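Novice: Each chain, letter by letter, is given below.
There are 2 protein chains.
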Amino acid sequence: MINVGILGLGGLGKAAAQVLSQKQEMRLVAVCDRSGYAYDPQGLDYRQLTLTPADNGIQILQQKPIDAFFLALPNLPNTFMAEVAEDFSRSGWRGVLVDALKRTSAMEQILALNDQLQQSQITYMTGCGATPGLLTAAAVVAAQSFSEVHKVEIRFGVGIANWTAYRATIREDIAHMPGYDLEKAKAMTDAEIEALLEQTNGILTLENMEHADDLMLERLGICHRSQVTVGGIVDTRNPKKPISTHMKLTGRTFEGKIATHTFTLGDETSMAANVCGPAFGYLKAGKQLHDRGIYGVFTAAEVMPQFVR
Amino acid sequence: MINVGILGLGGLGKAAAQVLSQKQEMRLVAVCDRSGYAYDPQGLDYRQLTLTPADNGIQILQQKPIDAFFLALPNLPNTFMAEVAEDFSRSGWRGVLVDALKRTSAMEQILALNDQLQQSQITYMTGCGATPGLLTAAAVVAAQSFSEVHKVEIRFGVGIANWTAYRATIREDIAHMPGYDLEKAKAMTDAEIEALLEQTNGILTLENMEHADDLMLERLGICHRSQVTVGGIVDTRNPKKPISTHMKLTGRTFEGKIATHTFTLGDETSMAANVCGPAFGYLKAGKQLHDRGIYGVFTAAEVMPQFVR
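So the protein lines, in turn, are chains A and B. Start counting the first sequence at 1; every next residue gets the next number (our numbering). Start counting the second sequence at 1001; every next residue gets the next number (our numbering).
A couple of the hints might just be wrong.
[Unchecked claim] Label pairs and their in silico Cβ distance ranges: (1) A:S244 to B:P1041: 37 to 45 Å; (2) A:R292 to B:Q1024: 24 to 32 Å; (3) A:I258 to B:T1229: 24 to 32 Å; (4) B:R1219 to A:E255: 51 to 59 Å; (5) A:K184 to B:D1115: 56 to 64 Å; (6) A:E255 to B:G1179: 33 to 41 Å; (7) B:I1060 to A:E207: 30 to 38 Å; (8) B:R1219 to A:G10: 33 to 41 Å; (9) B:Q1121 to A:D87: 35 to 43 Å; (10) B:A1161 to A:K151: 44 to 52 Å; (11) B:I1203 to A:A112: 39 to 47 Å.
Source of the hints: derived by calculation from the structure; they are not laboratory data. Nothing here was measured: the structure is a model prediction, and the numbers come from that model. Glycine is no exception: its CB is placed at the ideal position from the N, C-alpha and C atoms.
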């Protein structure tokens, strides 16, 4: 049984808690948000999370026997995830940390902590959501048929009935749009976001997004980061996906043939399923590494995720 | 630089030698066939392989500084791959072995050698071709979105211009057809195979094949082996694939939605590219495990293949 804590209780953190409730091999024992924390070594009920108010919930939980944390935190500002990782590294806590961060620049900060996390005996799994994560792993598998990889295209479709359930995620998405950045998106009021969505009929079209899939594939020698593009269409008013989420990898085989492998996600799978499922699959893989005494930072492209029953 | 040997010089072994010639990180230093062997620590030219006649080529090569062997052997009889593995285990040679075997019963024999191979400090990667291999790995990645996996369907299309370039592989395929088994297929003369192919217009239709994808996914707790089916259509007279090779995984998400993820291989990729590419990707991953002192048997579903430049 793996005892898991979740940091962050926005839409992603709440979905993660629900996902965990269906796992026999993992138990949700801790949650923490800006407002406070909850801890029960016997397991928490995700439907009734009563937080004890505290400013230092993370520090309190770092003293508990928790095997792993899923960092379901919005990475705003862009240095936040690395700050949390450093804090864990200094705390004396040992175990597995998993993030589902998106931006290349945020992952670069995490990778720079490799030696420090190794010394702290922490196994840190980064980029373990849908993209990067699930679709990056599919790209690594797809690359195997080729002597040379020319292009990796990731396009996602997201449909949500109501953007207010994903306030932080939608702000991160807006930050990818032309004319916006993280600071500007974060500073927007809900009313300003409503007004923006009114103009686009609820649709956000995202192109050439800064996603760490590029860095992850470049690190493995699969292609140059400029050959990896990530984009998507988010419908904030309709749970149906506007396009099927997919990854296309094009390359040249040893015989000189150019071909494209495609990995397509079923439309009925939600963003929450495609992010939280992989996150816990990588958490389990990270636990196996940690049990073997293998510490430091690993990306979702380097390690096979494990299936969590 | 990883020094690699190839055992078996049928269609698969020859293609593997050609694939290696395009890799900067690996060097083909040894080949061995029933008739003899070749060894050159500076590297062999795959276009001009001159074998030194010998009955005991494998034993000679086991004394050489070779990091890894790709066992490009037809698994006929069904115990042959495990016999080769045991022979390596007894020889005192240490390194990485990779197979691209197909049958569940053959992989069970390999898995039973885990402790013995671990003691011999051999890291053995099994099922590292296309199916099992590439498509099984894609299934493991796809499974991440689901709380429960209901069905994994692998269907391959193979087109080859001339069956006589793949005599052993085609015999293995025929063994999967109704009314045939391994013994019977092995005993067929080329003329008998020609006559069979004449009846079917060169097409072999294979259903419910005994492929180790089922065992590999069951071992990881993804689903029961009966939920995994493998089939295919082989056109022995046309290099164009009769269907696109694909893997479909159907499951239930944590929200109760049923969905199917699909991984489809580009038609222009050959069987040789989809088998040899993954085999060397797993060989590189196996070398990393071996370098860390991690020995024993691993399936292609447990370890992320690495990209070989």
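Novice: Determine for every hint whether it applies to the structure shown.
Specialist: Going down the list of hints, with the structure as the test:
{"no.": "1", "hint": "A:S244 to B:P1041: 37 to 45 Å", "in the structure": "violated (50 Å)"}
{"no.": "2", "hint": "A:R292 to B:Q1024: 24 to 32 Å", "in the structure": "holds (30 Å)"}
{"no.": "3", "hint": "A:I258 to B:T1229: 24 to 32 Å", "in the structure": "holds (31 Å)"}
{"no.": "4", "hint": "B:R1219 to A:E255: 51 to 59 Å", "in the structure": "violated (34 Å)"}
{"no.": "5", "hint": "A:K184 to B:D1115: 56 to 64 Å", "in the structure": "holds (60 Å)"}
{"no.": "6", "hint": "A:E255 to B:G1179: 33 to 41 Å", "in the structure": "holds (34 Å)"}
{"no.": "7", "hint": "B:I1060 to A:E207: 30 to 38 Å", "in the structure": "violated (58 Å)"}
{"no.": "8", "hint": "B:R1219 to A:G10: 33 to 41 Å", "in the structure": "holds (36 Å)"}
{"no.": "9", "hint": "B:Q1121 to A:D87: 35 to 43 Å", "in the structure": "holds (40 Å)"}
{"no.": "10", "hint": "B:A1161 to A:K151: 44 to 52 Å", "in the structure": "violated (29 Å)"}
{"no.": "11", "hint": "B:I1203 to A:A112: 39 to 47 Å", "in the structure": "violated (56 Å)"}
The structure fails hints 1, 4, 7, 10, 11 (numbered hints given earlier, in ascending order).
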